[in-house]
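Undergrad: Okay, here's what each chain looks like letter by letter:
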Amino acid sequence: MNLSPLHLCLLFSSALFCVGLIGALSRSNAILVLLGVELMLNAGNINLIAFWRYGPAPAEGTGILFVLFAIAIAAAEAAVGLALVIAVHRHQRNIRLQEANRLRG
Amino acid sequence: MSLAFLLIAFLTVATAAVAMALRNLIRSALLLVASWAGIAAFYLWAGAEFVAFAQVLVYVGAISMVVLFAVLLTRPSRDEAEVTPASAGRLLPALITGGAVLGVLVGAIVGSPLRTTAKPPPPVTVREIGLQLMGPHAAALVVVGALLTVALLGAVVIAATSRPADPGEPR
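As you go down the protein sequences, you meet chains A and B in turn.
When you number the first sequence by the working numbering, it's gap-free, plus one each residue, and the end is 105.
When you number the second sequence by the working numbering, it's gap-free, plus one each residue, and the end is 171.
These are calculated hints, taken from the structure and not from any lab test.
Glycine is no exception: its CB is placed at the ideal position from the N, C-alpha and C atoms.
Errors might be hidden in some of the hints.
Stated by the list, open to error - Derived list of chain A stretches under chain B, where covered just means 3 residues or more per stretch with a C-beta under 8 Å from a C-beta of chain B: (1) 9–17; (2) 35–41; (3) 45–54; (4) 69–83.
Unchecked claim - Computed from the model, here is a short list of chain B residues facing chain A with C-beta under 8 Å: (5) Ala9; (6) Leu32; (7) Val33; (8) Ala34; (9) Phe53; (10) Gly61; (11) Ile63; (12) Leu72; (13) Thr74; (14) Ala155; (15) Ile158.
Said to hold, decoys possible - Just the calculated beta-carbon pair ranges, DEER-fashion: (16) Leu7(B) / Glu60(A): 41 to 49 Å; (17) Ser2(B) / Glu77(A): 27 to 35 Å; (18) Glu60(A) / Ser87(B): 48 to 56 Å; (19) Glu60(A) / Leu57(B): 22 to 30 Å; (20) Thr161(B) / Gln98(A): 18 to 26 Å; (21) Pro113(B) / Gln98(A): 40 to 48 Å; (22) Gly107(B) / Glu99(A): 35 to 43 Å; (23) Leu3(A) / Leu95(B): 20 to 28 Å; (24) Glu99(A) / Leu7(B): 36 to 44 Å; (25) Leu3(A) / Ser77(B): 48 to 56 Å; (26) Val101(B) / Arg93(A): 33 to 41 Å.
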C-alpha cells in the first residue's frame, strides 16, 4: 500500500474530525460540545489546505481563500454559541445539556 | 512524508483527544489551544503562511479567550471547574458512532486513488490574497463582514440580557 502525502493529510483530518465528533456526542457540558464542533470545523479546513497543496490543479490561492472564509464563519459560530451558553447558565444556573431543555427564559 | 508532518499530526490529535477526555474544563480549554496551535503549524508546514497566522490570531488568540471566559463565568462555584465525566450511556454510543465514521472515512480515503502533483503550488503572497479578496471575491468579503457584525452584535445581546424582573421586559 502506497500512501501519498495527500492521503496522510486526509487521514490526519479524519482522525481530528472523529475526536471532535466523539467529544461532541459524549460530553454533557455545553462548552465541551461547542469545542468538539470547533475541532470538526478545523478538520474540514485541513482538508481544504491539503487539497490546495497537493491537488492536481492548484488554482491561484483558492484553497487559502476558502479557509479564510471558513475561519471567519467558525469565529462567528463560536461567539454566538458561547453567548448562548452564558445565557442558558444565567437562566438555569447550569449548562448540562440534559437539564437545559428550555430556550424560553 | 516528512517526520515533521507526522509529529505535528500526532501532537495535534493527541492533545485534542486528551482535551476531550479530561474532567477539568480549564485544562481542556488550554489543551485545545495547543491543538489549534498544532493545526497552525500544519498550515505553516503546508506552505499556507497567511492561513497559519489567521489561525493563530483567531483561534489561539481570540476564541481561546472567549472559551476561557465562558468557562470561568459558568463554573458552579468559585474554586471548582470539574465537570462530571461522560456517562457510559452517552460514551458508548458516541464511541460507536465515532469509530464507525472513522472507519468509513479511512476506508474511503485509503481506497480512492487520488491524483497528486509532486511539485508544490506557487507560493501565494499576501498581495495576491488581497487582490483576490478585493477583486473576484469582494462580494463574499462584504457578506462575511456583515455576517460577523450581525453575529457578534447578536452574541452581545444574548449574553448581556439579564434575567428580566417581570417576564417579557428585557432590561
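Undergrad: Evaluate each hint against the coordinates.
TA: To see whether the hints hold, each was checked on the structure:
1. For a cut-off of 8 Å, the count of residues in the segment 9–17 of chain A with a CB near a CB of chain B stands at 8, and the three-residue condition holds.
2. Counting residues of the segment 35–41 of chain A whose beta carbon lies closer than 8 Å to any beta carbon of chain B gives 4, which reaches the threshold of three, so the coverage claim holds.
3. Beta-carbon proximity to chain B at under 8 Å applies to 7 residues in the segment 45–54 of chain A; the threshold of 3 is reached and the given coverage holds.
4. Counting residues of the segment 69–83 of chain A whose C-beta sits closer than 8 Å to any C-beta of chain B gives 13, which meets the bar of three, so the coverage hint holds.
5. Proximity of alanine 9(B) to chain A holds as hinted, the smallest CB-CB distance being about 4 Å (cut-off 8 Å).
6. The restraint placing leucine 32(B) at the interface with chain A holds, with a minimum CB-CB distance near 6 Å, inside the 8 Å limit.
7. Hint status for valine 33(B): violated, given a least beta-carbon distance of 10 Å to chain A, over 8 Å.
8. Proximity of alanine 34(B) to chain A is violated relative to the hint, the smallest CB-CB distance being about 12 Å (cut-off 8 Å).
9. A cut of 8 Å between beta carbons decides the hint on phenylalanine 53(B): the least distance to chain A is about 11 Å, and the hint is violated.
10. Annotation: glycine 61(B) was flagged as interfacial toward chain A, and the flag is violated, the nearest CB pair being 11 Å apart, outside 8 Å.
11. Hint status for isoleucine 63(B) relative to chain A: holds, with the closest Cβ pair at about 5 Å, below 8 Å.
12. Annotation: leucine 72(B) was flagged as interfacial toward chain A, and the flag is violated, the nearest CB pair being 11 Å apart, outside 8 Å.
13. With its C-beta approaching chain A no nearer than about 4 Å, threonine 74(B) sits inside the 8 Å limit, and its interface hint holds.
14. Taking 8 Å as the C-beta cut-off, the interface hint given for alanine 155(B) holds, the closest approach to chain A being about 4 Å.
15. Satisfaction of the interface hint for isoleucine 158(B) is found here, the shortest Cβ-Cβ separation to chain A being roughly 4 Å, below the 8 Å cut-off.
16. With their beta carbons about 30 Å apart, leucine 7(B) and glutamate 60(A) fall outside the hinted range of 41 to 49 Å.
17. As the Cβ distance of serine 2(B) to glutamate 77(A) is approximately 33 Å, the hint placing it in 27 to 35 Å holds.
18. Here the CB-CB span from glutamate 60(A) to serine 87(B) is close to 50 Å, well matched to the stated 48 to 56 Å.
19. Range check, glutamate 60(A) to leucine 57(B): about 23 Å between beta-carbon atoms, so the 22 to 30 Å window is met.
20. In this structure the supplied range 18 to 26 Å holds for threonine 161(B) paired with glutamine 98(A), their Cβ-Cβ distance being about 24 Å.
21. A hinted range of 40 to 48 Å holds for the C-beta pair proline 113(B) and glutamine 98(A), which are about 46 Å apart.
22. Against the hinted window of 35 to 43 Å, the Cβ-Cβ separation of glycine 107(B) and glutamate 99(A) comes to about 39 Å, which satisfies the hint.
23. The hint said 20 to 28 Å for the Cβ distance between leucine 3(A) and leucine 95(B), and at roughly 26 Å that hint holds.
24. Under the hint 36 to 44 Å, the C-beta atoms of glutamate 99(A) and leucine 7(B), about 42 Å apart, fit the expected range.
25. Distance hint check for leucine 3(A) and serine 77(B): the Cβ-Cβ separation is about 50 Å, which falls inside the suggested range of 48 to 56 Å.
26. For the pair valine 101(B) and arginine 93(A), the beta carbons lie near 34 Å from each other, so the given range of 33 to 41 Å is met.
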